[in-house]
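Asks: Listed below, chain by chain, are the residues.
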Amino acid sequence: MAVWQISLSVMAVYMVIVILIGVKANKSGVGTVDEFFLAGRSLGPFVLLMTYSATYQSAFAFLGAAGMFYVHGASFLVCAVWTVTGAVLAYFIGIRIYLISKRYSFVTPGEMLGSYYGEWIKPFFGVLSICWITLYMVVQLMGAGYIFEIATQGVIPYSVGSIVLLGVVILYVSLGGFRAVAWTDAFQGMYMIIALFFAAAVVIGKVGGFSELMIQFQNVMPENLTMPGGAGLFKPGIWFSWALMAIIGHAICMPYSWVRFNTANSAKTLRLAVLLSPFYLTILYIPIFIIGMGGRILMPGLDAPDTVLPLMLFKYLSPFAAALIVTGALAAMKSTVDSYVHIISAMVARDVYPMIKRDSTEKEQIKVGRIVIVVVGIVAYILSQMKLGMLVTVGVIAYSGGAQFFPALFGAIFWKRGTAAGAWSSIITGIAIMLYAKFVNNPVPVFDPGTLGLMCGSIVYFIVSMLTKPLSQEVTDKYHGYLKETMHSNVADSDSDFSSKSGGSI
Amino acid sequence: MKGVDPNWAPGGKYLRIVKIIWVVLALGMFPPGVYLVNSVEPIVLGMPFIIFWLATLVLLFALTSLVAAIKLQLPCELEG
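Residue numbers (this note's numbering), protein chains in the order written: chain W, 1 to 506; chain D, 1 to 80.
Next up, chain W with everything else stripped away, as it sits in the complex (with noise of 0.2 Å):
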């Protein structure tokens, strides 16, 4: 058998798979919006752990992160550093959004802004979001396309191999909605560590050990063992900045993330699984940092660095055993992509359509969020034609959009004197002041864009906030209130001294 024709039975087969898994969601049941959403808020710690965590690893990871070590070398670890922080910092917002999405049965993030803020700031979180998030899907779009396009040598190109992935994620998920994300996610986050650790044992190998790694790379380039980097990327300022944006955006704001706080069947799962990730993410940067910094002394030179890893695969590997670590990285792009087009129909059907008809049943719902999965692939794919760039600098950018909402959601859960002028501006300003610095001028060099953007944000949020009229006691009540009662009230029970030293935050 040819190269190409092996690889792409091993990609097929694995494709059938997670078609399967779909298919075996949907007779589980997707009939209400809670159970397409959501997968009826119903998910394990262990589900939960891996779809929190394959979603937050993606093209960007498996093809981005190897490349970006690849290029900046040591000084890109700081990929590893939002992974562990940004995890636990989710998990203590997390849970508030768990309690509070729960109590009032909200699906979307709109859904939780709106009720605080009022309505129409939810479909502004959802229009807004959907173009982030497209943007980030596009990433994963490409990611697929070089998979392809390398792993069958060129049989199926970039074009096709853009659409293959995503037919087969439109599918399952508009098969199985949240519970097939969820499940494919379990599969693919098993099987992305796998192929990693074998890639980065391959690697290994081939150089003769991780200290003789270390020395040829000391010698190719020493400038890429420090911080900057030896393209003077990872100042201070841009490792800040990058760690708050994947911190704030990616692991929290953006809704994909939101939306699995949303999922899980009690807040101990969310507790097992949130700060269990750090735990996954960290063993699963180790491959990637030794794949990236390997490849640059086994395959030196590269004008797409994001391809290293198959590359180095087909280079050094059998046919068969490189198609399917290869396909790994295939796992990494569905198990996000999959995330994305999920939740894009969700702020479709939940958060914008009932604005447009006030009236709309849950099966209406249901039906337009299965027609925009469809639409929001299509742009997307036609997005990913235009090869946007490297795919952490795209990544960056989608998440650092996300991340403008901050201060909504931080007034919403911490601060009560936030109110709801304050939360349109600080939106507004932010994402003015991150577009404007990224596409115009950044006034502020040392800042990426995005952290510009969200520091502008937040200050306009409290300015605003604190001299517009505060919102109601009801309205307050409802989430702060709410918060406080739950998260403190059985404490009293073992200890009633206790409670009143508490302080009210964990």
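Don't take each hint at face value.
Cut-off 30 Å, straight-line C-alpha distance, at most; resulting in silico cross-link-like pairs (DSSO-like, lysine-lysine) [claimed, not checked]:
| hint | chain 1 | residue 1 | chain 2 | residue 2 |
| --- | --- | --- | --- | --- |
| 1 | W | Lys-24 | W | Lys-469 |
| 2 | D | Lys-19 | W | Lys-478 |
| 3 | W | Lys-357 | W | Lys-102 |
| 4 | D | Lys-71 | W | Lys-315 |
| 5 | W | Lys-363 | W | Lys-478 |
| 6 | W | Lys-484 | D | Lys-19 |
| 7 | W | Lys-416 | W | Lys-268 |
| 8 | W | Lys-416 | W | Lys-484 |
| 9 | W | Lys-416 | D | Lys-19 |
| 10 | W | Lys-235 | W | Lys-357 |
| 11 | W | Lys-484 | D | Lys-71 |
| 12 | W | Lys-416 | D | Lys-13 |
| 13 | W | Lys-357 | D | Lys-13 |
| 14 | D | Lys-71 | D | Lys-19 |
| 15 | W | Lys-268 | W | Lys-27 |
| 16 | W | Lys-469 | W | Lys-363 |
| 17 | D | Lys-71 | W | Lys-268 |
| 18 | D | Lys-19 | W | Lys-102 |
| 19 | W | Lys-102 | D | Lys-71 |
| 20 | W | Lys-478 | W | Lys-235 |
| 21 | W | Lys-478 | W | Lys-416 |
| 22 | W | Lys-484 | W | Lys-469 |
| 23 | W | Lys-315 | D | Lys-13 |
| 24 | W | Lys-102 | D | Lys-13 |
| 25 | W | Lys-235 | D | Lys-19 |
On the chain D side, residues computed to face chain W include the following (Cβ under 10 Å) [what the hints assert, rightly or not]:
| hint | residue |
| --- | --- |
| 26 | Trp-22 |
| 27 | Val-24 |
| 28 | Met-29 |
| 29 | Tyr-35 |
| 30 | Pro-42 |
| 31 | Gly-46 |
| 32 | Val-58 |
| 33 | Leu-63 |
| 34 | Val-67 |
| 35 | Leu-74 |
It is worth saying that the hints were derived from the structure and are not from the lab. For every residue, glycine included, the Cβ atom is placed at its ideal position computed from N, Cα and C.
Based on these hints, arrange chain D on the given structure of chain W.
Replies: For chain D alone, coordinates are given in the frame of chain W:
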């Protein structure tokens, strides 16, 4: 109803210790912490010190979160 262990509940002393550890580790991973050790020369376990430093902090952070995942208790968890 049996309550949660106050030491691991919001405001509890063990949880406070964990949070302090998280903050200290994060300070070492973010600027200026990470840049202060950038110029340290020694090779540790075959890797430049900055890589060893970050790898150690990230690992400790992950281990601490593992402990929190197992031990942390919230009152709302008792309500199912």
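Asks: Against this structure, judge whether each hint is valid.
Replies: Here is how each hint holds up against the structure:
About 51 Å separates the Cα atoms of W/Lys-24 and W/Lys-469, which puts this hinted pair outside 30 Å; it is violated. The hinted pair formed by D/Lys-19 and W/Lys-478 meets the criterion: a straight-line CA distance of about 28 Å does not exceed 30 Å. In summary, the hint linking W/Lys-357 to W/Lys-102 is supported, as the alpha carbons are separated by about 25 Å, within the 30 Å threshold. Distance hint between D/Lys-71 and W/Lys-315 is unfulfilled; the C-alpha atoms sit about 47 Å from each other, more than 30 Å.
For the hint linking W/Lys-363 to W/Lys-478, the alpha-carbon distance of about 28 Å falls within 30 Å, and the restraint holds. Distance hint between W/Lys-484 and D/Lys-19 is fulfilled; the C-alpha atoms sit about 20 Å from each other, no more than 30 Å. Of the supplied pair hints, the one linking W/Lys-416 and W/Lys-268 holds, its CA atoms being roughly 26 Å apart against a limit of 30 Å. The straight-line distance between the Cα atoms of W/Lys-416 and W/Lys-484 is roughly 12 Å, inside the 30 Å bound, and the hint therefore holds.
Of the pairs offered as hints, the one joining W/Lys-416 and D/Lys-19 holds, with about 24 Å between alpha carbons and a cut-off of 30 Å not exceeded. Using a Cα cut-off of 30 Å, the hinted pair W/Lys-235 and W/Lys-357 is violated, with the two alpha carbons roughly 50 Å apart. With a C-alpha separation of about 21 Å, the suggested pairing of W/Lys-484 with D/Lys-71 holds against the 30 Å cut-off. About 27 Å separates the Cα atoms of W/Lys-416 and D/Lys-13, which keeps this hinted pair within 30 Å; it holds.
The suggested pairing of W/Lys-357 with D/Lys-13 is violated, with an alpha-carbon distance near 51 Å, which exceeds 30 Å. For the suggested pair D/Lys-71 and D/Lys-19, the alpha carbons sit about 13 Å apart, so the restraint of at most 30 Å is met. With a CA separation close to 27 Å, the supplied pair W/Lys-268 and W/Lys-27 stays within the 30 Å bound. With a C-alpha separation of about 39 Å, the suggested pairing of W/Lys-469 with W/Lys-363 is violated against the 30 Å cut-off.
Taking the CA atoms of D/Lys-71 and W/Lys-268, the gap is about 11 Å. The hint holds against a cut of 30 Å. The suggested pairing of D/Lys-19 with W/Lys-102 holds, with an alpha-carbon distance near 27 Å, which does not exceed 30 Å. Note on W/Lys-102 and D/Lys-71: the hinted pairing holds, with a Cα-Cα distance of about 23 Å set against a maximum of 30 Å. Among the hinted pairs, W/Lys-478 with W/Lys-235 is inconsistent with the structure: their alpha-carbon atoms are about 43 Å apart, more than 30 Å.
Among the hinted pairs, W/Lys-478 with W/Lys-416 is consistent with the structure: their alpha-carbon atoms are about 11 Å apart, no more than 30 Å. Taken as a hint, the W/Lys-484 and W/Lys-469 pair is honoured in the structure, with Cα atoms around 23 Å apart against an allowance of 30 Å. Using a Cα cut-off of 30 Å, the hinted pair W/Lys-315 and D/Lys-13 is violated, with the two alpha carbons roughly 54 Å apart. A hinted pair counts as satisfied when its Cα atoms are at most 30 Å apart, and W/Lys-102 with D/Lys-13 qualifies at roughly 29 Å.
For a cut-off of 30 Å, the pair hint linking W/Lys-235 to D/Lys-19 stands: about 27 Å separates their Cα positions. Because the smallest distance between the Cβ of D/Trp-22 and any Cβ of chain W comes to about 6 Å, under 10 Å, the interface hint for this residue holds. Look at D/Val-24: its Cβ only gets to about 12 Å from chain W, farther than 10 Å, so that hint breaks. Look at D/Met-29: its Cβ gets to within about 4 Å of chain W, closer than 10 Å, so that hint holds up.
Because the beta carbon of D/Tyr-35 sits about 6 Å from the nearest beta carbon in chain W, less than 10 Å, this interface hint is met. With its C-beta approaching chain W no nearer than about 13 Å, D/Pro-42 sits outside the 10 Å limit, and its interface hint is violated. For D/Gly-46, the interface hint holds, since its Cβ comes within 10 Å of a Cβ in chain W; the closest pair sits about 3 Å apart. This hint holds: D/Val-58 has a C-beta 5 Å from the nearest C-beta of chain W, less than the 10 Å allowed.
Hint status for D/Leu-63 relative to chain W: holds, with the closest Cβ pair at about 8 Å, below 10 Å. Hint status for D/Val-67: holds, given a least beta-carbon distance of 9 Å to chain W, under 10 Å. Taken as an interface hint, D/Leu-74 checks out: its beta carbon lies about 6 Å from the nearest beta carbon of chain W, inside 10 Å.
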